[in-house]
Amino acid sequence: MMLLHAENGSDLERVRRNTHLALLVALASAVHTIEAVIPTPVPWLKFGFANILTITAISLYDFWAGLTVAFLRVMVGSLIIGTFLTPSFFIGLSGGIASTVVMGVSHRFFKGIFSLVGISVLGAYASNLAQVVTVYALFIRHSEIFMLLPVFLGFGLATGIVNGIGGEFLVRHIKRLPAFRSVV
Amino acid sequence: MFVRNYGHALPFKEINSLIEEAHSAILLSMFTIADKVLIAFLAILTIFSYSMASGGRQGVEVKIEADGKQVGTYLLKKDSVIDVKGVLGASKISIRDGKASFLSSPCRNKVCVHQGEIGKNGQIAACLPNKVVIRVLGGDGDYDAVTR
Numbered sequence: 001m002m003l004l005h006a007e008n009g010s011d012l013e014r015v016r017r018n019t020h021l022a023l024l025v026a027l028a029s030a031v032h033t034i035e036a037v038i039p040t041p042v043p044w045l046k047f048g049f050a051n052i053l054t055i056t057a058i059s060l061y062d063f064w065a066g067l068t069v070a071f072l073r074v075m076v077g078s079l080i081i082g083t084f085l086t087p088s089f090f091i092g093l094s095g096g097i098a099s100t101v102v103m104g105v106s107h108r109f110f111k112g113i114f115s116l117v118g119i120s121v122l123g124a125y126a127s128n129l130a131q132v133v134t135v136y137a138l139f140i141r142h143s144e145i146f147m148l149l150p151v152f153l154g155f156g157l158a159t160g161i162v163n164g165i166g167g168e169f170l171v172r173h174i175k176r177l178p179a180f181r182s183v184v
Numbered sequence: 001m002f003v004r005n006y007g008h009a010l011p012f013k014e015i016n017s018l019i020e021e022a023h024s025a026i027l028l029s030m031f032t033i034a035d036k037v038l039i040a041f042l043a044i045l046t047i048f049s050y051s052m053a054s055g056g057r058q059g060v061e062v063k064i065e066a067d068g069k070q071v072g073t074y075l076l077k078k079d080s081v082i083d084v085k086g087v088l089g090a091s092k093i094s095i096r097d098g099k100a101s102f103l104s105s106p107c108r109n110k111v112c113v114h115q116g117e118i119g120k121n122g123q124i125a126a127c128l129p130n131k132v133v134i135r136v137l138g139g140d141g142d143y144d145a146v147t148r
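Protein chains in written order, with this note's numbering: chain A, 1 to 184; chain B, 1 to 148.
No wet-lab data here; the hints were simulated from the structure. Take these hints with a grain of salt, some might be off.
[What the hints assert, rightly or not] Pairs of lysine-lysine residues, derived as DSS-like cross-links and limited to a Cα-Cα distance of at most 27 Å, are as follows: (1) A:K175 to B:K85; (2) A:K111 to B:K36; (3) A:K111 to A:K175.
[Said to hold, decoys possible] Beta-carbon label-pair distances, calculated as ranges: (4) B:Y50 to A:R16: 23 to 31 Å; (5) A:L85 to B:K78: 27 to 35 Å; (6) B:N16 to A:F180: 19 to 27 Å; (7) B:K85 to A:F71: 46 to 54 Å; (8) A:V15 to B:K85: 36 to 44 Å; (9) B:H114 to A:T86: 17 to 25 Å; (10) A:H142 to B:N16: 28 to 36 Å; (11) A:G82 to B:G68: 25 to 33 Å.
[Said to hold, decoys possible] Stretch-level coverage of chain A by chain B, calculated; a stretch enters the list once three of its residues show a Cβ under 8 Å from a Cβ in chain B: (12) 54-64; (13) 94-104; (14) 152-159.
Glycine included, every Cβ here is placed at the ideal spot set by N, Cα and C.
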């Protein structure tokens, strides 16, 4: 049971937002950590289920909320797995930030046109593109690395759709919870 | 479809609405028209770029680099096993039947070993932790661009 003392409504909203974001960051970090154990055909390809929480934060609040969740998730998650400041950390960070920027902008301007599925797919493409560019810029300076791009993008399309459906589910469910009623 | 609706007899209204939601998801009702257009467009783009990238010819030689420096170039038709000293230790690279692959590497994930054999022109395999990169060169497509 949590007791809050808030002077006025905007204070309460701020505290509520921070609390919800903390919960989303914790969830995303947990998903990020569990995902590191799940085997994939190529270790570079990840499902990115933690992105569901980023989408949720963007959908419930705004771009900055999504960026908070994405950034802290990569930080905390990499500290838990032990990949902090390794190549996979920078690759994940670039992908997380790029996808959040694209998803935040597309949610801001195309909210009624795309559902969370479309926004998530755009985010997945941005993420994979940014990751390949990061690998090229920091680790392998060969343009042949871009030959891998189609594989990454095809995988990203599938995971983007799955994550979008997951995010849509979560947001619909969350919006019915009493704790989130005043937010939406 | 196979969920029987018990109506008022069902004690948990929440579950009922969740099942309804699941059905609507299966019917893809949460996809807007713009979503479907976007997904179709990106799918076509991906398939197109895949056919562009994978259409390579059989390569002639394999170039090996360690820590950014060139180690050597080896002919693909000559079977051999090469030890390459990387940042972490020695990576074993095999050349067999016109294809090159990582046999073993001192890295943790073994991404390079799982990557399998490469033999087409322009293909690349890399061990990031050990900073060893092998790529296939030669063949007919060895141009940056072709203009007519």
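Going down the list of hints, with the structure as the test:
1. Of the supplied pair hints, the one linking K175 of chain A and K85 of chain B is violated, its CA atoms being roughly 57 Å apart against a limit of 27 Å.
2. A hinted pair counts as satisfied when its Cα atoms are at most 27 Å apart, and K111 of chain A with K36 of chain B qualifies at roughly 15 Å.
3. The hinted pair formed by K111 of chain A and K175 of chain A meets the criterion: a straight-line CA distance of about 17 Å does not exceed 27 Å.
4. One distance hint, 23 to 31 Å for the beta-carbon pair Y50 of chain B and R16 of chain A, is violated here, with the actual separation near 46 Å.
5. Checking the proposed 27 to 35 Å range against L85 of chain A and K78 of chain B shows it is violated: the Cβ atoms sit about 41 Å from each other.
6. Here the CB-CB span from N16 of chain B to F180 of chain A is close to 21 Å, well matched to the stated 19 to 27 Å.
7. Look at K85 of chain B against F71 of chain A: about 38 Å separates their beta carbons, and that is not inside 46 to 54 Å.
8. Separated by about 57 Å at the C-beta atoms, V15 of chain A and K85 of chain B break the suggested range of 36 to 44 Å.
9. Under the hint 17 to 25 Å, the C-beta atoms of H114 of chain B and T86 of chain A, about 18 Å apart, fit the expected range.
10. Checked against the hint of 28 to 36 Å, the pair H142 of chain A and N16 of chain B fails, with Cβ atoms roughly 56 Å apart.
11. One distance hint, 25 to 33 Å for the beta-carbon pair G82 of chain A and G68 of chain B, holds here, with the actual separation near 26 Å.
12. For the region 54-64 of chain A, the stated coverage by chain B is not satisfied: 0 residues place a CB nearer than 8 Å to a CB of that chain, which falls below the threshold of 3.
13. Only residues whose beta carbon comes within less than 8 Å of a beta carbon in chain B count, and the region 94-104 of chain A has 0; fewer than three means the coverage is violated.
14. Residue count for the region 152-159 of chain A with a Cβ under 8 Å from a Cβ of chain B: 3. That meets the three needed, and the coverage hint holds.
Hint violations for this structure: numbers 1, 4, 5, 7, 8, 10, 12 and 13, all remaining hints satisfied.
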